[in-house]
Amino acid sequence: MADKEATIYIVDVGSSMGKKCNGRQESNLDWAMNYVWEKITSTMALDRKTVTCGVIGLRTDATVNEMEMEESFQHISVFQEINQILLPDLKALRRKIKLSRTDEGDAISAIVIAISMITKYCKKLKYKRKIVLVTDALGSMDADDSSEITKKIASDNMELVVIGIDFDDAEYGFKEEDKDPVKAHNEAVLRNLVNDCDGVSGTMQQAIDEMGVPRLKSTRPVASYKGQLTLGNPVEYNSAMCIDVERYPRTMIRAPPSASQYIQRSDLISPSSSATLLSGDGDAAMAGSDPNGLTSVRNTRSYQVKDDEAPGGKRDVDREELAKGYAYGSTAVPIAESEWNVTKLETQAGLEIIGFIPWNRYERYMHMSVSCVTIPQKTNNKAIMGFSSLVHALFELESYAVARLVAKAERDPLLILLAPSIESDYECLLDVQLPFAEDLRLYRFPPLDRVLTVSGKVTTQHRTIPTEALNSAMSDYVDRMDLSTFGKDEEGKPAEYMKIQDTYSAVLHRIDQAVRWRAVHPNEPIPPPFDILVKYSNPPEELVKKAKRRLEKLAAAADVKKVPPKVNSRKRARAEATPISGLDIDALLGPARKVPKTVDPEDPILSFQKLLDSTEGSDGIRESAESLANIVEKHVSDSFGGNLYGRAIEELRVMREEMIEVEEPGVYNTILRKLKEKLLKGELGGERKDFWYEVRKNRLGLVDKKSSERSDVSEERAREFNAFR
Amino acid sequence: MADDRWRRDSEGGDEEEEEVVDETAYKTAKDAVLFVIEVSRSMLTPPPPSDSKKIDNDSPTSASLKCAYALMQQRIISNPTDMMGVLLYGTEESKFQGDERGSTSYPHCYLLTDLQIPDAKDVKALKTLVENEEESKQLLVPTNASVPMSDLLFCANQIFTTKAPNFSSRRLFIVTDNDNPHESNSRLKSSAIVRAKDLYDLGVVIELFPISRPDQDFDRAIFFDDIIYNAAPLDPAAPAPLATASAPSAAKDGVTILSSLLSSINSRAVARRALFSNLPLEIGPGFKISVKGYILLKRQEPKRSCYVYLKGSKPEIAAGVTTQMADDTAREVEKVEIKRAYKFGGEQIAFTKEEIAALRNFGDPGIRIIGFKPISMLPVWANLKPATFIYPSEDDYVGSTRVFSALQQKLLRDQKMGLAWFVARKNAAPQIAVILPGAEKTDDKDMQVMPPGMWVAPLPFADDVRQNPETPLIRAPEQLIDLMREVVQQLQLPRAEYDPSKYPNPALQWHYRILQAMALGEDIPDMPEDKTVPKYRQIDKVWLRLKSRMFPGARLSLHTLQRAGPYIMDWGRALEAHISVWEQENQSAATTALTKRSIAADTDIPGRDAKRAKTVDLDDVMSDEAMKKSFDRNEIGKLTMPVMKAWLQSKGLTSSGKKADLVDRLENWFEKK
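Heads up: the protein sequence lines correspond to chains D and U, in order. Per the UniProt record's numbering, residue 1 is the first one in the first sequence, and the count goes up by one each step. Per the UniProt record's numbering, residue 1 is the first one in the second sequence, and the count goes up by one each step.
Chain U on its own, in the form it takes in the complex:
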């Protein structure tokens, strides 16, 4: 986007003020994907019905279209500046850039979505084709003529050269079930091979997503191994790809073609650009290897809001242009005129450009290891931002990989970490960082889910550390801790681990769902399931189970505890009992007025109210029961503002606004319940 472009320039041009330039190079590495789907009789035949419960039984072509649709939506969120196109081949109809229907530049190639940053129209067209059967029946008519692969590849070549000429990553995804398109024609085969070589020379990577026919497996060796190359040739910063190719997708074992295709495509995601390339990693004085750094962890935010011009034929994004002007004369300023100064004592202390550069310069970029420590010495709070993933590179030092590997394996084995002086770029502020080893992780299908390598995590300086706020301590008694232990043990996350892929960001997803609906002119969708919300029912069950399993009066000999009733002992009640014992024992001069009041409140309750919720609110907050009563009698309006505010605050609700707002909010709360 033009807006970004200008911003980038004003940041990137300023070498002495490196501050925000960090990831610009990374962001500018844009990707263009052309999704090519074969349309043929076999591709349009749904797989034989299986006894699996899955309802969708898509034909390979329609599964591929669904896959393209899903990919397009995903990329709009995660890579908003990347391009995507969809090309069908083998259709009766033909369509190319600028052509009217029925034109013949590339017969039986149908350019459904031209290669560009998708707009609402593209999304909608694809969506309609996926969801509307009539529409798809009309278009997805296989031709009887055969489409030479060389034509298809040349067509792709044209699309890439005209639409994405200077993209650093250009990929051609081919989905087909035909492993032998030129069975009997070696001339056609040869010319396809030549066209593929041209694509390779242009830096276009062909990715094949084969689909196995029910009766026969897909054999790459027959044709596709001759047109597919192994490396991303143009971008030296991209890592060498894994040697394994995508396994053929097929509908079997209850896995649909769609899900199998999606997982193949996701598995082909490769880092397109390194954050830094060939940075020296100095393991000891004079002993260096080279590494590349990648951003694998980064908070994905919604794209910034922008300004939209509405008076044109259609809404258009207005590009912002910043000009710098002198404050006194409002004259436009050239970059070279600008001096840097720090405010001090009410005035400016100026420095020359060279002086500022010298002040910031603490040596050349690199990661210099100072020594090693056990990972256990790293406090859990010692963190500032996501770590950068590093992986060896042979470009500057031959042998880097084996040395890196030896270091990684040693650190993993002994659970040690490196301490390093880290200058990420020229003029970057030096950081003290830890180097943590990361083991390769695979899922149950042997697919890599976490790459092997090391992570460089900047540590806070003494300046960045805040002290713990003061707070009194009342240590919980053993019994109470034991109860809590049971809960912790029973409420482990699935597989006893935090798997980020299970938790999409609800705010981000909602943002784009709404935007999509608005862009396509659809109704506002329902709220999707928020995976970050706790499973309340399950938690309730655990609490209840715990309660019933408590043995009458077990291990509790204190007078008050026995009085609490042997059959309904649980954590909340145990806490109530223990705290009143504690307060009796500690009722000295030191007790605050506030705690005294809470004791009074406790002792006021005659016997034990079994319904009482286990909240530990401040006592001046109205109880939920009392509030509920007011609500039931429609008397909330009679409460005073402070009472309502305190109660709202105790529920984590906003307590600002006029009285009517508070009443509304309170009533809403109970109505939702």
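Pulled out of the complex, with its shape left as it was, chain D reads as follows:
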């Protein structure tokens, strides 16, 4: 379990916070709240009960706190008691945090109240305690009893953070000119207090700047394997090596949060509410537990088997009537519940080395998975030293170990590649999974550095093979675009650019940002993504500028030409095809080759194509297509269940492609409209909704303007047409 947390935000809302300083467009309060909302919403995003927040208003008009009777605690209001903040709380806070008309209220007193609240809430339990004060330091402060505060903060292990509006910060490099003497004094008081408590103080600008940097979630490591690393079989041979080890994840994909599906609650559906899904403000919260009026979508699963007598050829069956099983080819193999494990390979946990390979004999692209790290058992000195000898031996020989891993008994075995890693005070083995024989699909591709001609000759001079000039231009360009020293380290020395630790998952943080933004600002558009998320979407400008000449040279040597979209058609050159021998088939057939008059039901596709090849003019094309359409309809009508749908679909597909090719999309669209009408009316052998489903699945809908310029159907219209109604 991660640590429990209790954080109090003290927000200064005194009237001086309404000023706009240093050329900013928003008031100091609004500016500061960017930071506070960011902090609070990111806490909320954790969705954990034990991560709690409280909010105190400083220099408020009213006084609401446990010591409100005492004079020095006036104009301090507790806006939010310590708790897990939920959306209604957030909305309440948005209403409460407003500029006051007073400048009365002591920041030090607010800290005292915060300490007291935390102490009461956390008691002696293990909590991370934190107080964050956001202020412009223009109120009056009485710091006489600060030593008491310091002591309490230290003894309870609290962290005090002060973020000041336009505070001077030498480290960050900010100094406010013509500073108000009161502010200068208060700043010094607060800084001293923070220093005494070993806390953090900073200027707001820096806090705002750093908002865009995504926070990394730390995860407690959970071992994926605890057991022995063996070389040899300790049961059969006492020569075998065994080392107790533990294996932990090293990389793990952190997926973006997934959205759930909702629909409008049915009791709220009324003509007036159809347009806006989002309730304008927190007021709608009164409508029920969910102010958005949404209800979740549930998936229910039913099961069907073929039944020739049932309408549509399918019949629903009860889940209870079904056994679990597997498909072997098209045969169903039921397996009784008690025998469910019969196909499972029996295994025992273990990490067994099967052999070693040198680094340079391994291709990096064989990596199959996320990586893990293996270390020796932490309290076992012998294991640690033994493990170290293996790591060093591998490192010195520049070798990897290949091992068979069964993480737990009865799990499937995996083969992994273990690589040694040695740092100044850390040694471990890093691993990734390797492919099995079945995981590698060996497809052949022609070589890239030579051409094999049909006659069996090998040549290195061909339009697909780079010339000497192209090779050298490419080489120059690649060298110039080197990133290995393009970045800068903290001392400004050349360093690697685009390191893994500098790259952030764009979608993950973008959605996170948008959700939190919308929670606070329900009615405003979402701001653009933070720069850091798209920083590496383009090569750095400076480098591009430096490499400009070389890129021009490369482009000239490459002489790449974009293919105009018109020519890029799926259509094959039917007439040009010749067999390997190069035999001219048309000549062989001569003019004697029969041209069919209509589409032959026995061989519809080929005869349709031959018919098309021999016709000219729109009428002939339309007639050919209609002739094929009749066969499509016949196949649908005669189809028993769906047994002839495949043929009908293929015929439609060919018709659609040919009509696009001969620029008669209208012919296809008319035929398809007629077909759909007949399907709807049940004229093609009854209920044929599932055939229309096949049409959609195979993307055989209306030809729209995007697919063919001659079409008069918009993309929108084509999409609507897909619905079966």
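Derived from the structure by calculation, the hints contain no laboratory data. Don't take each hint at face value.
[Claimed, not checked] With a straight-line Cα cutoff of 25 Å, these simulated SDA-like cross-link-like pairs (lysine to any residue) come out:
hint : chain 1 : residue 1 : chain 2 : residue 2
1    : D       : Lys-378   : U       : Trp-582
2    : U       : Lys-441   : D       : Leu-440
3    : D       : Lys-597   : D       : Ser-537
4    : U       : Lys-311   : D       : Gln-304
5    : U       : Lys-343   : D       : Asp-638
6    : U       : Lys-30    : D       : Leu-440
7    : D       : Lys-344   : U       : Phe-670
8    : U       : Lys-531   : D       : Glu-38
9    : U       : Lys-127   : D       : Gln-304
10   : D       : Lys-226   : U       : Gly-657
11   : D       : Lys-314   : U       : Trp-582
[Claimed, not checked] Residues of chain U placed beyond 12 Å of chain D at every Cβ, according to the derived structure:
hint : residue
12   : Pro-107
13   : Ser-136
14   : Ala-145
15   : Ile-227
16   : Met-325
17   : Pro-506
[Said to hold, decoys possible] Selected chain U positions facing chain D (Cβ under 7 Å, derived; list incomplete):
hint : residue
18   : Ile-117
19   : Ala-318
20   : Gly-346
21   : Arg-360
22   : Ala-476
23   : Met-622
None of these values were measured; they are calculated from a predicted model. The C-beta atom is built at its ideal place from N, Cα and C for all residues, glycine as well.
Using the hints, position chain U against chain D.
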């Protein structure tokens, strides 16, 4: 399968939630293979006996049938939705779809297995024919009449059009030893040529697997070059095939026809569908070429379990249908009604469809190179999933191939890699990826075993990186490392490389072996050899050799090490000795209670017990010897649960269950030994 179909739709239709759609298009590219085998006197004649030790001396026809059987089994595992059929020609008997025996739609063509997703019956029929001599003798009777090739090709045409009308890949495999079927009849030859052209127009690819007769080589030029075309015409996403045709198979040099045929067929495997087509690869601002992406590496899992309906005439797979319902009224929901919302602060934060699409949109699909780095800068752990293979395509940019080739060769030469911003599809989450060059690799027969191209491997983001767990370090002394080096050097894998083809997935193979046995109603088979299990004997030999080669007391001057005895020094003993020295030297306040205990245990042992196994277990685990003793005396039941649990855990066995289970497990362990 219908089940898949619905699932695909619900995923594919959702453009804004791309998540799992990745490989659907790839999967739907189904393949139908019709295996055509000639039956003739020469095809039924076994090759002359050779002095090779191989026992099987199959006739070409029976080798082809075995090959078809092997292919069918293989495809059920790797391509469970693909179709396959087997057609014999030249048989005395004839059989076609729906025909009874003796019918004459296609005389002397015998459709052994109709083109479909094979079921248990098909597998069994083929298996029987392969294994049962009586059966095969009865069927494999050559006719005296000649079968015109045009009839055969038209027969294949009919089979493809009716059974696999909309398959994107349809292939006709012909196995024959007759290179001149229409020697004297040019009319028959012409009509075969026309039928072949029809097949080509339909997108059916003919693959010829010729067999050389003992006395004469197979000459393609006589007839087959006129009926075979060079490209897969219908699927623009398939790569151009290699120009080389399958070499004729023959039984010679100790290679059987069967193995030679199998390797020819495997070598004709081509990527049927690209994962992405004509994706721009932007090498520099404004300078683009186009590439296609293929999945060459992918974890092959057993097909998901399904539900089977048992009350029909035979077991039948029930197709699952998902309907979406509103939670409040249980009313069926239309897709357009559905909104997306994120849970936040206990409630939902809703977005419109357009907003969600905009949030996910980080630009058009493409691979944009940001720059280059040496491959040595890529940490070995920086990986998330298998890389995608990319190969140039001329479809969008003419000249792509030569530019791609220049880049690949440069990266190979200098061992550099590209860094890229990678958006694989519309709305796909952008990734940072490395582009690694891949050199072409061939085996000793000059057959390509790894294609030339480049690989796009997504890198982890900072968010995906976990920190190393903390652990103390005790660096091993030189002597110990030297010993281990010897072992590492002597236990290299064959050819000093990891060759995936040598390691079938044992769990996957077992799963399908059992399923096949159940489907065919056979006995549960024996466990096949698991190639992933280490070669224990060989490892033991290396350890022993190492031990005997150790020179007495070499390089070890420490007092304890000498005491350990000069003649039996090996890694395990050296470790024991070194660790006790280390512990003496480091016996400060910092030493944990646990290490103290282990020292005590070490010093308790009087002299050196030569039998002691070199385990480095926690000391509170009972020793193997003690456990063995308990076992021998049949006293395991007297041990306490924690003792048994600790021991089981130390052996990587499950330690859960009741006492009786643990006792069972322990006894089993020793019995197996």
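| For which of the previously enumerated hints does the structure constitute a violation, in increasing order of number? | 3, 5, 8, 9, 11, 15, 16, 17 and 23
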